[in-house]
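Chemist: Chain A is already provided as a structure; the job is to place chains B, C and D with the ligands on it using the hints.
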Amino acid sequence: MAEGTYLDAISAAIIHEMERDERVLVMGEDVAGPFGGAFKVTKPVAERFPSTRVRNMPMTELGFIGAANGMALMGLRPVIELQFADFISSGFDSIVQFASTAHYRWGGAVPWVIRAPSDGNLRSGPFHSQNPEAWFVHTPGLKVVAPSTVADAYGLFQSAVRDDNPVIYFESKPLYRSLKGEVPEGDAPVPLGLAEVARSGRHCTVVTYGAMRHEAMAAAEELAAEGVELEVIDLRTLKPLDMDTVASSVARTSRVLVTHAANQLGGVGAEIAATIADECFTDLDAPVKRLGGLDVPVPFSPPLEDAYRPNAAKIAAACRDLCAW
Amino acid sequence: MAEGTYLDAISAAIIHEMERDERVLVMGEDVAGPFGGAFKVTKPVAERFPSTRVRNMPMTELGFIGAANGMALMGLRPVIELQFADFISSGFDSIVQFASTAHYRWGGAVPWVIRAPSDGNLRSGPFHSQNPEAWFVHTPGLKVVAPSTVADAYGLFQSAVRDDNPVIYFESKPLYRSLKGEVPEGDAPVPLGLAEVARSGRHCTVVTYGAMRHEAMAAAEELAAEGVELEVIDLRTLKPLDMDTVASSVARTSRVLVTHAANQLGGVGAEIAATIADECFTDLDAPVKRLGGLDVPVPFSPPLEDAYRPNAAKIAAACRDLCAW
Amino acid sequence: MTLDPLAAYRWMRLTREVDETIRNLWLTGQGVGGTFNQRGHEAIAVGPALCLEPADVVAPMHRDLGAYLVRGMTPERLLAHQLGRETGPSRGRDANIHGCGDLDLNIIGFISHLPQSLPVAVGAAMAFKLRSEPRVAMTWTGDGGSITGLYAESLNLAALDQAPVVIIVENNQYAYSTPIEQHSANPDIAERSEALGVVAVEVDGNDIEAVHKASRKAVNRARNGGGPTVIVAETMRMLGHAIHDGFEYVPDHLLERWEARDPLTIFEQRAGEHGTTIDQLRAIDSDVAAEVKAALVVAQGSPFPDPATVTDGVWAG
Amino acid sequence: MTLDPLAAYRWMRLTREVDETIRNLWLTGQGVGGTFNQRGHEAIAVGPALCLEPADVVAPMHRDLGAYLVRGMTPERLLAHQLGRETGPSRGRDANIHGCGDLDLNIIGFISHLPQSLPVAVGAAMAFKLRSEPRVAMTWTGDGGSITGLYAESLNLAALDQAPVVIIVENNQYAYSTPIEQHSANPDIAERSEALGVVAVEVDGNDIEAVHKASRKAVNRARNGGGPTVIVAETMRMLGHAIHDGFEYVPDHLLERWEARDPLTIFEQRAGEHGTTIDQLRAIDSDVAAEVKAALVVAQGSPFPDPATVTDGVWAG
Ligand SMILES: Cc1ncc(C[n+]2csc(CCOP(=O)(O)OP(=O)(O)O)c2C)c(N)n1
Ligand SMILES: Cc1ncc(C[n+]2csc(CCOP(=O)(O)OP(=O)(O)O)c2C)c(N)n1
Ligand SMILES: [Mg+2]
Ligand SMILES: [Mg+2]
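Chains A, B, C and D, in that order, are what the protein sequence lines are.
With the numbering used here as the guide, the letters of the first sequence map in order to residues 6 to 330.
With the numbering used here as the guide, the letters of the second sequence map in order to residues 6 to 330.
With the numbering used here as the guide, the letters of the third sequence map in order to residues 22 to 338.
With the numbering used here as the guide, the letters of the fourth sequence map in order to residues 22 to 338.
Chain A with its partners taken away, still in its complex shape:
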């Protein structure tokens, strides 16, 4: 294993899957060599494989995701890069109407992965900072993944490619180059649908995913100094959701905060909070709290984006309140 970034781990995982399985190919805007993608994720991939397997697409998300549906039905395993997760709405019908329903309706399996670089805190404004995962968690027939560590970026990608269903893999742009760690080698799939207890604690559970995992960990450090021990659960997969791990934590802590960078209103946190409030009702010593983005487009200017977005300080404050309940 070599040290690398979150982004390196994705590149490495793509290369490994393409070596392992010749059905895997990459497609998207500007992904081919020598350019290698808006974030350069596919640059090392394009250096390794022929241009038939790392294919530039015109700026036609609806059309080329539609084509990926056909490729997948014929047994290929397309890995589709979007330049930003924000553009996933441009290919919406091909995802939420065709790919998600084909197997249920007539048994046609559509095994692709859409790589969607998501999230903000980079001063990129309303169209390069979105976290649209809730749309897809609500849509039957899609799997949704959101890795937050270098190892998970690698391992969840492997499981996503090997899954027989359409999987949307939300990459965290703020972690791309800032997060470093050991990049796994070879086969190291992390199963879909399994949350990770990132930190054990007995006073309050924080349920989260993506970049917010690291904010929650920072909040936990802060509160530990005050004698409050947070348990941090990183969901890793948003569909299927691992509510068992969450419930057993809440059974121990009796307090829970659900936090994510996506808009809070109608977000994935609502589903998680509602499920906890139902299934863990007798365990709870305080209301299930949520902390997500405000109900506004992600604003650009630093003071506004900071106001929009949860962070370690806000998580710590919310947990303090919860523990004072």
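By construction, these hints were calculated from the structure, which means they are not laboratory data.
This list has only true hints and no planted wrong ones.
Far from chain B by the CB rule (all over 10 Å, computed), these chain C residues: (1) Arg244; (2) Pro272; (3) Gly338.
Interface residues of chain A toward chain D, partial, derived using beta-carbon atoms under 8 Å: (4) Met64; (5) Thr65; (6) Arg128; (7) Gly130; (8) Pro131; (9) His133; (10) Leu299; (11) Pro307.
Covered by chain D, per the in silico footprint, the following chain A stretches (three or more residues, Cβ under 8 Å): (12) 38 to 51; (13) 91 to 102; (14) 311 to 321.
Quantities reported herein were computed from a predicted structural model and do not represent experimental measurements.
All residues carry an ideal CB built from backbone N, CA and C; glycine is no exception.
Modeler: The following block gives chains B, C and D with the ligands in isolation, referenced to the frame of chain A:
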């Protein structure tokens, strides 16, 4: 006031708004006369107004909703008919990226109404039965309306057209011709963002909207015979949500079921349930329960669609369980 | 593949018979939900499908009952599908002719959102090309479908890759109630298609020999690495868009003109030229009628799906 | 409107100066987020915008800084916008040149999802036509934008309605790193556009006189009920797609060829023909430099938005 259907009320409301305000126009596939729309909602409208104000569009939802954005910015008030709510995903970018954000980003108001014939129980299968409201409630900048009575179909439409924001108006296909009542005349706007207590009761609150209101009312009749009094709240507007009315009901009943025909997982009910569980924590004598569609595309065959979908009997059973808590 | 006239007639007659059977069921309240009309589209659906090898793939739309039949979807299964039975290809999950797919028959099921079958067929063809398989993908769309953005995106992709795909545009001159001049500023679909970089040809869509000939050429070109072809076939839908449609909007004179050009009628008028006899055709008619009648009995006797299975099949694997 | 040569030069120089100012800020770490490059697109942005009346409406995209300036968005406001200040047209809500709209100036702010400004401009033009107002809508898109489905849908709508809209296609031969032959099976954008039913013309996009002349004709046609025009203007983006782009993918010889055809250079070479002098141009240069320098001071001294206002403006009315 004359007796008429839910559908008649929509036609009448369109005609009234077009007479009242020359900025209002209708556009959509096959809406013009003499055809008058897939469900004939605009037939009486096209008989009354010139073809410049009731305009056929090619099957290009993305393009013509985009054009409606431009019309609305220039001061018109387009009323856009979709043939089925299911096709709203085909115009997604024009709605969730452009229209929803223009005012926040630079002050451009986009006052249109999209009329989206939604919901099922008509054996119409996965693509003519959808309830996609959750996608839009989660998206900042859109208002979302879902009338369930003849009077509300009329009055909420008036408020939607007069609102300065993009409003998605989900029509209930199962109520189109089955629900009859007095159709209001003239000005009778029902304000957006105000729920209605459809039935008072003290044992358990049912929060719902759309066709499920009537299932909840039927369940309430059934339970009343058993001595259990349900309070039924019809939200009417899904964004903004009237959580005050909900909370004051829950304060009295201490038990609550949230039900809708849309897929339960990540649906609007999750937001409502999570908010109740948080804000009404100390009022609750039982967990907040949800009852929505299963996590599958809406199936066609009657036994499957019936299994998919909540109804009066399932609501009654859930409320019985809640009251036994 | 040259066209076997008796086979061609048989498939068109079977299409007509299944369509009429469905229509009768629905008009007498024995249907489930809604259903589409096929009348007038028999030659367009059957002719191209007859040019394919079993390994080729089709992605038909809502007016292509004939293509499903030619590809081996039996009347029994099609009827069971429309009636929401467990024995249909969607096990009661999808409605009327939507989602009527079966990969064992190389049929891709369609969704309502038009023309979604188009990029899917293009993608299938791209897969064939990538793997150097001598296979062809074929799909159908309407005049209404041809003015969507997705049509342009799909043709461009097909042309860029020189993918082995054949696209039949069923120009029945209406999208639901809207005539083509009202939905397409340039109603010349072949011209619009050619401008996107594909070969486009026009053909009489009610003449199965013409459609078959053009399709055969296109399939050969695709299979030999010559890339995509669009075949614009002119026709008229002779009944409403779907079963509930009053169909007041097509002028009578247009319907009369096209009635005289019914695909089965004009084929029959040429029976002599084909070396077939009217007696042979009548024998096919009664064979087919008996076959569909029997299929209906089986379909109507088939079970509905068990509600306990409602969540089965959401996930593959 | 005939082209006033000194005004034309001034707007192009101002565009260049603002662009370079932004570039310098960002390259020295004084920017906020990312930003786009404009170099090479000055004539295409300025020329058409100079053909409009104040009541006309523009919907420019990310390469049209010049159009914003001509329409009255001051360098001060544009710089404040890019720096995320309260005093910019989006009050810090939108980034770089996105969402830089102001209805008082009849500028529609754009979104990333390309080419969304196109149907919006078509809709604005449809509104003008419906109300019989003598107004024109103008919008810009790229070669990449021209191969999207939305391009086809928008042109068809414009042509069906004969809406008074002028569409400038900035064919800089690349969509980000992808050359046009790789994204468009038929790289003849005018041909593709014409097939959709609009008038299409081609013009040298680095020659402001040519762009202006073609635009003037198109604006007049639109205003007089003659319907939409597409103007395909060939150019080259002389720097990376955006500030972070290493820009290795455009061959040097291409850049050299276009460097010699820089819109400001070729305009200056013709100074004599225009009856202007090099001295006049140099005077404009220093005026403009001073203006932008002053504007930057103001912009940098402007306040950031108050975080307490973060939810303001989501709703209109
Ligand atoms: C994206 C989308 N919008 C609306 C519809 C509703 N709709 C179903 S068929 C149809 C007309 C299609 O016309 P055409 O493509 O000419 O095919 P035809 O039915 O004439 O064979 C419409 C508008 C749809 N299926 N898909
Ligand atoms: C729908 C969509 N997908 C992807 C992108 C990302 N993107 C931004 S600019 C660009 C290239 C645009 O090329 P072109 O239209 O030629 O304009 P240019 O930048 O060359 O002026 C891409 C792919 C986008 N903006 N919109
Ligand atoms: Mg048609
Ligand atoms: Mg370009």
